[in-house]
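Enquirer: Next come the chains, spelled out residue by residue.
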Amino acid sequence: DTGVSQDPRHKITKRGQNVTFRCDPISEHNRLYWYRQTLGQGPEFLTYFQNEAQLEKSRLLSDRFSAERPKGSFSTLEIQRTEQGDSAMYLCASSLGIGALNEQYFGPGTRLTVT
Amino acid sequence: AQKVTQAQTEISVVEKEDVTLDCVYETRDTTYYLFWYKQPPSGELVFLIRRNSFDEQNEISGRYSWNFQKSTSSFNFTITASQVVDSAVYFCALSGQISSGSARQLTFGSGTQLTVLP
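Line order of the protein sequences matches chains A and B. Take 1 as the starting number for the first sequence in my numbering and just add one per residue. Take 1 as the starting number for the second sequence in my numbering and just add one per residue.
Incorrect hints may appear among the rest.
Said to hold, decoys possible - Calculated cross-link-like contacts (lysine-lysine; reagent style DSS-like; alpha-carbon spacing at most 27 Å):
#1 A:11 to A:57
#2 B:38 to B:70
#3 B:38 to B:3
#4 A:57 to B:3
#5 B:38 to A:57
#6 B:16 to B:38
#7 A:11 to A:71
#8 A:71 to A:57
#9 A:11 to B:38
To be verified - Here's a subset of chain B near chain A, in silico, CB distances under 8 Å, partners left out:
#10 43
#11 45
#12 110
#13 111
#14 115
Claimed, not checked - Only some residues are given here: those of chain A computed to face chain B with a beta carbon under 7 Å:
#15 42
#16 43
#17 48
#18 56
#19 103
#20 109
Hints listed in this document are in silico derivations from the structure and should not be mistaken for laboratory results. Fair warning: this is a prediction, and the values are worked out from it, not measured in the lab. For each residue, glycine too, the CB sits at the ideal point set by N, CA and C.
Chain A with its partners taken away, still in its complex shape:
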């Protein structure tokens, strides 16, 4: 059983460029989450999918951010017109469940550096 995978692992981009990250969850997991982690802080919730439906979005997710999970499997997170403040580790997690929140399994993250 493979874990959560994320691609790319590192991304360096210039301010104003668009970037897209991909997350492949554990295959049988119906829930998928995106978090952002900056240095010295815990992860902060960005958004949540149950199957292909995006059910929650944090206020942290500005209009420049968009996430999709088109077939209820992999997910993409796009940031348009990147800013230096977007530099962070973007973490994807997945879990199995319908009711109560079960434990989330995290991927290795994508480290974004905006120059």
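Could you slot chain B onto chain A? The hints should help.
Expert: Same frame as chain A, but now just chain B:
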């Protein structure tokens, strides 16, 4: 609003010492879940334990033990006979109930950097 406080930013111990990591949480939900994750230098968060608010029994798993005290809103984590491989950042996290809108996300503390010296 939910909040998790890990007041210990950094802890350093010598191998074989016992160490306790503190976690204090705030929530208005009557049903909630508490978690501990480990983030080693490689960066990937590793799930350690999940505990619901109705289960106040302490839990032991090998060298790890957890003490949940609802009266003080604390969920502390103890590593017995620490080892160098335990060096990592440890995060405590909380999720709430659907009616409060916090059921589907984890609220993390800022983490405790544990360094175990040989």
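Enquirer: Look at each hint and say if it fits the structure.
Expert: Each hint tested on the structure:
Between residue 11 (chain A) and residue 57 (chain A), the direct Cα distance comes to roughly 24 Å. Compliance with the 27 Å bound is thereby established for this hinted pair. With a C-alpha separation of about 23 Å, the suggested pairing of residue 38 (chain B) with residue 70 (chain B) holds against the 27 Å cut-off. With a C-alpha separation of about 19 Å, the suggested pair residue 38 (chain B) and residue 3 (chain B) falls inside the 27 Å cut-off, and the hint holds. Straight-line distance between C-alpha atoms of residue 57 (chain A) and residue 3 (chain B) comes to about 18 Å, which keeps the hinted pair within the 27 Å bound.
Distance restraint check for residue 38 (chain B) and residue 57 (chain A): the Cα-Cα separation of roughly 25 Å lies within the 27 Å cut-off, and the hinted pair is therefore satisfied. For the hint linking residue 16 (chain B) to residue 38 (chain B), the alpha-carbon distance of about 19 Å falls within 27 Å, and the restraint holds. At most 27 Å may separate the alpha-carbon atoms for a hinted pair to count; residue 11 (chain A) and residue 71 (chain A) meet this at roughly 25 Å. Taking the CA atoms of residue 71 (chain A) and residue 57 (chain A), the gap is about 19 Å. The hint holds against a cut of 27 Å.
Proximity of residue 11 (chain A) to residue 38 (chain B) is assessed by CA-CA distance (about 24 Å); at most 27 Å being required, the pair is judged to hold. Residue-level restraint check for residue 43 (chain B) holds (minimum Cβ-Cβ distance to chain A is 6 Å; threshold 8 Å). With its C-beta approaching chain A no nearer than about 4 Å, residue 45 (chain B) sits inside the 8 Å limit, and its interface hint holds. With a least beta-carbon distance of about 5 Å to chain A, the hint placing residue 110 (chain B) at the interface is held under the 8 Å criterion.
Taken as an interface hint, residue 111 (chain B) checks out: its beta carbon lies about 5 Å from the nearest beta carbon of chain A, inside 8 Å. For residue 115 (chain B), the interface hint is violated, the least distance from its beta-carbon to any beta-carbon of chain A being 15 Å, above 8 Å. Checking residue 42 (chain A) against chain B: minimum C-beta separation of about 3 Å stays under 7 Å; hint holds. Interface hint status for residue 43 (chain A): upheld, as the beta-carbon distance to the closest one in chain B is roughly 5 Å, under 7 Å.
Among the interface hints, the one on residue 48 (chain A) holds; its C-beta lies about 5 Å from the nearest C-beta in chain B, closer than the 7 Å criterion. Because the beta carbon of residue 56 (chain A) sits about 6 Å from the nearest beta carbon in chain B, less than 7 Å, this interface hint is met. Taking 7 Å as the C-beta contact cut-off toward chain B, the hint placing residue 103 (chain A) at the interface holds, the least distance being around 5 Å. Annotation: residue 109 (chain A) was flagged as interfacial toward chain B, and the flag holds, the nearest CB pair being 6 Å apart, inside 7 Å.
In this structure, the one hint that does not hold is number 14.
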